[in-house]
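Produce the complete structure using the sequences and hints provided.
Keeping their order, the protein sequence lines are chains A and B.
Just so we're aligned, residue 1 is where the first sequence starts under the numbering used here, counting upward by one.
Just so we're aligned, residue 1001 is where the second sequence starts under the numbering used here, counting upward by one.
Derived from the structure by calculation, the hints contain no laboratory data.
This list has only true hints and no planted wrong ones.
No farther apart than 27 Å at their CA atoms in a straight line, the calculated lysine-lysine pairs in the DSSO-like style are these:
id: 1; chain 1: B; residue 1: K1429; chain 2: A; residue 2: K85
id: 2; chain 1: B; residue 1: K1475; chain 2: B; residue 2: K1429
id: 3; chain 1: B; residue 1: K1471; chain 2: B; residue 2: K1393
id: 4; chain 1: B; residue 1: K1418; chain 2: B; residue 2: K1429
id: 5; chain 1: A; residue 1: K328; chain 2: A; residue 2: K390
id: 6; chain 1: B; residue 1: K1108; chain 2: A; residue 2: K85
id: 7; chain 1: B; residue 1: K1429; chain 2: B; residue 2: K1464
id: 8; chain 1: B; residue 1: K1225; chain 2: B; residue 2: K1244
id: 9; chain 1: B; residue 1: K1108; chain 2: B; residue 2: K1471
id: 10; chain 1: A; residue 1: K26; chain 2: B; residue 2: K1147
id: 11; chain 1: B; residue 1: K1475; chain 2: B; residue 2: K1464
id: 12; chain 1: B; residue 1: K1225; chain 2: A; residue 2: K132
As a plain string of letters, each chain reads:
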Amino acid sequence: MAQFLADRALNLTSSNIVHLSRLAEKFNAINLAEGFPDFPAPPAIKNAAIAAINADFNQYRHVQGLCDQVAAMFETTQGLKVNPKTQVTICCGQSEALVAAVLAVINERDEVVLLDPSYETYEASVKLAGAKAKHVSLDPPNWNLDILRLENAMGSRTKAVIVNSPHNPTGKVFNEEELADIAKLCCRFDCLAITDEVYEHLVYTGTRHRSLATFPGMQDRTIVTSSISKTFSVTGWRIGWAIAPEAISSAIGSIHEKLVDSAPAPFQEAAVSALSSGPEYYLNLRAAYLDRRNLVCEMLEEAGLSVQYKPEGSFFVFARLPETYPLKDVDYVAELIKSAGVVIVPGCGFFHADSSSVDSYKDRYVRVAFCKNTATLLSAREAIRRHCKKSKGSEPAIMLTASYGATEGSTVWCISCTKSGLPNEFVSAV
Amino acid sequence: MMLASSCSLQWPSSLDPAKVVVIGEQARDNLAFPRGIVARRLLSALWPSLPCSRSPVAGWGIRRQPLTVMASSVVDDGGGLSADSVPKAHAPQISRRLANLKPTVFTKFSVLALEHNAINLGQGFPNFDGPEYIKEAAIEAINTVGKNQYARGHGIPALNASIAERFNKETGLTVDPEAEVTVTSGCSEAIAATMIGLINSGDEVILFSPFYDSYEATLAMVDAKIKSVTLRPPDFAVPVEELKSAFSSNTRAILVNTPHNPTGKIFSRTELELIASLCKEHDALAISDEVYDKLVFEGEHISIASLEGMFERTITLNSLGKTFSLTGWKIGWAIAPPHLTWGIRQAHSYITFAVATPLQWATVAALKSPDSYYEELVEEYSARKEILIEGLKDVGFEVYEPKGTYFVMADHTPFGFKDDTEFCEYLVKEVGVAAIPPSCFYSNPDDGKHLVRFAFCKDVETIKEAMGRLKAKLKRPALISS
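Okay, structure coming up:
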């Protein structure tokens, strides 16, 4: 259950996360927090892995065939030709590809620009390299990019901009104009771009995912990272890659070699088959996810949240709490666990930018994953409906107040019940 | 996962405040945190407002007062280039940390081996596969819903428990699988996570030459200072005086690889006790790479963590790959007390985040292997070792018989080549056998240039064929008659 902690979407201390997770387990909550499917991986890819294990692809290996497939797929989807021998590095998931890329090009005291809200590991990777992260906020409700704001954040020390599209947590797919503007700025400031495109195949309603690398002047200054995890529902296999200009790719390879030496061999083999899937696979994938997206958006709106921006990509919905809700996102999440038995992610952990305007909304959002069986989502919808019925009327069944404070270097998370007479178990989880 | 907000600090709950150490000399700049937790860079990654002074390591001590945190503003360490001194137009795209990384010798000789159709006794991985029951366990996991998705970052509970159980069986030490075991993507990642998580830039780390090349590379990546102590033939014994003088008040850690790649040495109890006493005297960590712990032909494998007073300062590393002939699966682990594990886990979470789930499940099955598995493993490797050693001696090598691992070092001087690289190039091109020139595993390459490393993790026919080629084509230079 602690898996949803690994998403690191919570800017809470681990004791708080553990606490929420324990609550979720205790109430047997339906998990719409974690960013991985609860349905099986496609049979074809599993069989490919099994075949690889049986055919003794179990020792260290460099699987050039996988590099070839990655390059081929990149050319098919993005129209860019890359050399699979010199420009592709297979890594242990996109996670490792990103940190290897960062360590390969970022020096101490460099600056790296991140677009907020953002997945937490970007900042952590930047800091691991001893560099400074600068956050530029995207603006709600549609998470538009204010290009002047980005420009003001860039300067002579900017080494790279990290762009995640389709975007976690908002589901935004950066449009052509935004990407073109980002590209122009990267060229002007002579900096690199590192992209996270793991949701590249999860785009809906005619939206097209275009890689930043395809824009003028960008091919020689972009590192594209992605993986098979989300596309093929195998987040636990750890197969990802980085595509970069030759010199940078070689550097990424060197770092990768020192970090992990290689990605799991049988899954590299299986990925070769997976990446040669025909277009029907991707069409079906998108159709299935689109249905789920619509279901979850409806569910949330029914519950009183507002889905101001229906995600065009990824498998997350970033919904805004009802304006009348008096407390914070973390409180809402805790309440939902207890009362509805559904767990989602408070959005505050994704907001890093320091500004009063961000402060005004940073604890008003929650992230809901729809990479789940339809049955799971339907159960969640039922549970939330019941919860809403319960809480309609003047007095909430349980009013939770949450506070956290720092005392002597430790952080205390308290949930107290304001309704008297509740059994002790509701207050014991501190 | 812990990313504390900028106004609060979070301590791992398992910490004992009595073990807090103050770093730095000025009270204003000091931050109290337990010794051996994490590298400074990791701290600043996690706690952006943390005051961290760049004071030298000298001056560390154990503080017995209660934990205090000075909430002063960030002290700019100010070392090195100032913010504006590097003109942007000339800034290289590649980071400076790459400057310390060298291309590996393995790639070169693997490529040569392929080109010349040579039998590859260079690369340290088997040309046979692991047991069926482990592969079946992986397949079963792949076919189970949920087991193809992200595992818990530091390992699936069942595997952590198995690792703890095995460690207990072997060393008698009881470790907490939840707080003291971390699963990583191979021992490679365990090494990287240990270095990134626990070693600061400028720290001194002692290595025994010859060493597995990734030690030097990862230490270079974290900008540590390597102090090398050389093991020499015929028995590669630890040189006591050299070791003692390598330790200083700046020593952060010593890395021990036993059984040892490439020499096949097994560190004796006496040697480990010496290392242990020096670690305790200098308050240094021991990083123990024990991936070949089941490949012991003579003597006994001892985990330094089991020596008195050592568990609290030891990181024990191991993996699935060598023991079960599944080197491509990349399942490894680190066992360390909570305050060290914490640093390793933080680094690990940023390196690979999680480890291949179905293969972790299979490793649980692997670690349940009966004793007979390990006995057979040793028997089979013994047989291969014999064939190799006989064959090498037969053609004129001076062979240093290994007590463990599946490597053997031999002296190629009788063949008249100027150094190991030249010898190995000749061997692969003209004789059709690939081996590894080990001089790059030494701090001083000269120490290794008369040696060559052969691997016997190959099936018997392959080894026999290789020996046949040596016999047919590798000749000593004719003696010049006067």
